[in-house]
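Engineer: Below are the chains, spelled out letter by letter.
Protein chains: 2
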Amino acid sequence: MYSSEKVRKFTEKIFRAIGCSNRDARLAADVLVNADLRGVDSHGVARLAGYVRLFDHGRLNPKPEIKIIHQTPSTAVIDGDKGLGLVVAPFAMKIAIKKAQRAGSGWISVQNSNHFGIAGYHAMLASDQDMIGWAMTNAAPLVVPTFSTEKLLGTNPIALAVPAETQPAFVADFATTAVAYGKMEILQRKGLDAPLGWVQDEKGLPTANANAVKEGGGLLPLGGDREHGSHKGYGLGAIVDILSGVLSGANFGPWVPPFATAGFHGVAAEQVGKGTGHFLGAMRIDGFRSKEDFKKSMDVWINRFRSATHIDGEKVQIPGDQERNFMAERLANGIPLNEKVVESLEELGQRFKIRF
Amino acid sequence: MYSSEKVRKFTEKIFRAIGCSNRDARLAADVLVNADLRGVDSHGVARLAGYVRLFDHGRLNPKPEIKIIHQTPSTAVIDGDKGLGLVVAPFAMKIAIKKAQRAGSGWISVQNSNHFGIAGYHAMLASDQDMIGWAMTNAAPLVVPTFSTEKLLGTNPIALAVPAETQPAFVADFATTAVAYGKMEILQRKGLDAPLGWVQDEKGLPTANANAVKEGGGLLPLGGDREHGSHKGYGLGAIVDILSGVLSGANFGPWVPPFATAGFHGVAAEQVGKGTGHFLGAMRIDGFRSKEDFKKSMDVWINRFRSATHIDGEKVQIPGDQERNFMAERLANGIPLNEKVVESLEELGQRFKIRF
Chain H
38 MYSSEKVRKF TEKIFRAIGC SNRDARLAAD VLVNADLRGV DSHGVARLAG
88 YVRLFDHGRL NPKPEIKIIH QTPSTAVIDG DKGLGLVVAP FAMKIAIKKA
138 QRAGSGWISV QNSNHFGIAG YHAMLASDQD MIGWAMTNAA PLVVPTFSTE
188 KLLGTNPIAL AVPAETQPAF VADFATTAVA YGKMEILQRK GLDAPLGWVQ
238 DEKGLPTANA NAVKEGGGLL PLGGDREHGS HKGYGLGAIV DILSGVLSGA
288 NFGPWVPPFA TAGFHGVAAE QVGKGTGHFL GAMRIDGFRS KEDFKKSMDV
338 WINRFRSATH IDGEKVQIPG DQERNFMAER LANGIPLNEK VVESLEELGQ
388 RFKIRF
Chain S
38 MYSSEKVRKF TEKIFRAIGC SNRDARLAAD VLVNADLRGV DSHGVARLAG
88 YVRLFDHGRL NPKPEIKIIH QTPSTAVIDG DKGLGLVVAP FAMKIAIKKA
138 QRAGSGWISV QNSNHFGIAG YHAMLASDQD MIGWAMTNAA PLVVPTFSTE
188 KLLGTNPIAL AVPAETQPAF VADFATTAVA YGKMEILQRK GLDAPLGWVQ
238 DEKGLPTANA NAVKEGGGLL PLGGDREHGS HKGYGLGAIV DILSGVLSGA
288 NFGPWVPPFA TAGFHGVAAE QVGKGTGHFL GAMRIDGFRS KEDFKKSMDV
338 WINRFRSATH IDGEKVQIPG DQERNFMAER LANGIPLNEK VVESLEELGQ
388 RFKIRF
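These protein sequence lines are chains H and S, in that order. So for the first sequence, our numbering puts the first residue at 38; every next one is plus one. So for the second sequence, our numbering puts the first residue at 38; every next one is plus one.
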């Protein structure tokens, strides 16, 4: 177990070591550590070495000049200048919030960015301000549209954060696939099979092979197969891609550049836009209804769903409950880091002379 | 086969017969006939008798005074005055489009409405104006949240319509469940079983019983079970419910009043808001990026996805293709109406002395 403060300080120092400002390093570390605290281990400091590799390969600008390149009272496109998505997305969300303060809502499509960590973090920046926060991002292709044998979409997550009164916020944050790729990696490490309905093989047939995505297959959209609504999961992933990539002038579909994994850190020869794209939104609650009335209704909503009769041995949660439970536990007892992740952090420490 | 013009004229006359203005009757008929033309038979004139029942039971105001009750430059809440959702939703979308023209985007949450037909119709009102159109609605509870044995959500559809250049619009329009309830009704009529993953029984166990929803069970959210991401489908349905119901001051969750089916036309004794809720949005493309560049990129997107390598005997479609194929075929050859639907139309015809 590693205390979140220790992990946070180390992460901050690494981001400073590659040239980020103090402020950006603090923010980027906060996004990553929050992922670990909320139990989204695949999106936390496990990726720190990847961000450094992006920097090594000239794909990450540690001192970006993020700027608005076009706007209306409630919309804008932002150029992330190859900055850390961890920093670019909160910048964009701040502008969305400012626009919402004046015009009721603010919607920002972002081009020329990189992986932005967990979508929920950015959406919650708005719910903390009595707004409904939206966050989406496209990502490198791992997912097959319905009936396709080619991977054309990323796991393209959607997050929505909604404030309540006495209850904690409703925070939905999920990939538009049957399962996150991180779960496949866990099975790969353990040499286990995957349940049917998570992946297909290179011919588009159902398979339990946890390595299928690396062997010409692909992750299945939410729904799994056509009979169970995979065209809806594909539609959702496509919506995220269009709002994040096509609307901003970033890359989209199969052209979205990959995150820098140990094996691969280049980008496709052909590019149809700049970098990775995001889409952030903020809607002021009182642009619709009195804040007080709305939040009271949200409490009613949350209480009603939490108290639903349920399957024996289970209970009905509201989106965000699971992550909050992880957070309480990990703030108290520390973050369990996988051996490989610890190794990668120690290597970074040696390289930059920073003690982990 | 029934020609769409014949069906349209009859439908228009029925709406006039219950007191709708000529203009509203024409619009409402257009929404219903479009559903039939697009192959969404469950949402077309099959429901005409249901709308009339809503009127008979005092739940539908044929001459609503639809009005804005609160607004900012880019947001508003609209009171549908118990009007036809078929008319209230286009009214709301018009306001969204006007706001988008001035402020870049417009977002309307609607209270005190009724069933609005197919979501895609309303979203396309915006894509016809070089905007991205959004449409959602909540609906009476048929769906169980993950691990719940109570039905707390409607099939709560999401539609998004995006214009392209030479290609037709991208139009995603889907319920946030594994399958639409209409498909269960088809199985019921034929006495067939349902595939596992569509419904659960009253104890929350998987079942192939096509009557399960009527016997204490429920429709499953998109994803089916927890292992295949049903919490994501539940989260999506919840998002639609919150934006349509809680944000507008309409009913939400289990309190959303049912459409008037032959068996049931009352509302729950307890109400937490007014009528059914919708959420409509319009974002001006050129609030983000030049229209021309965006539409060219959409053509690239659509062509790339359509030309994906695919499973033998299938092909990769883009959202909206299937409905357009239906439309071309049915405009040419007519709409195939089910025997029961024809009977219900003939009964309406006798009652109102209008020849079908």
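These aren't lab readings, by the way, just hints derived from the structure by calculation. One or more hints might be untrue.
Same chains, same label: a pair holds when it works inside one copy or across any pair of copies.
Below, in silico cross-link-like pairs of lysine-lysine (DSBU-like), each with a Cα-Cα straight-line distance of 30 Å or less [unchecked claim]:
1) K333 <-> K104
2) K131 <-> K188
3) K50 <-> K352
4) K220 <-> K104
5) K220 <-> K352
6) K240 <-> K100
Engineer: Determine for every hint whether it applies to the structure shown.
Structural biologist: Cross-check of the supplied hints:
no. : hint          : in the structure
1   : K333 <-> K104 : between (38 Å within a copy, 24 Å between copies)
2   : K131 <-> K188 : neither (33 Å within a copy, 38 Å between copies)
3   : K50 <-> K352  : neither (41 Å within a copy, 50 Å between copies)
4   : K220 <-> K104 : neither (36 Å within a copy, 49 Å between copies)
5   : K220 <-> K352 : both (23 Å within a copy, 29 Å between copies)
6   : K240 <-> K100 : neither (44 Å within a copy, 56 Å between copies)
When each numbered hint is compared with the structure, violations occur for hints 2, 3, 4, 6.
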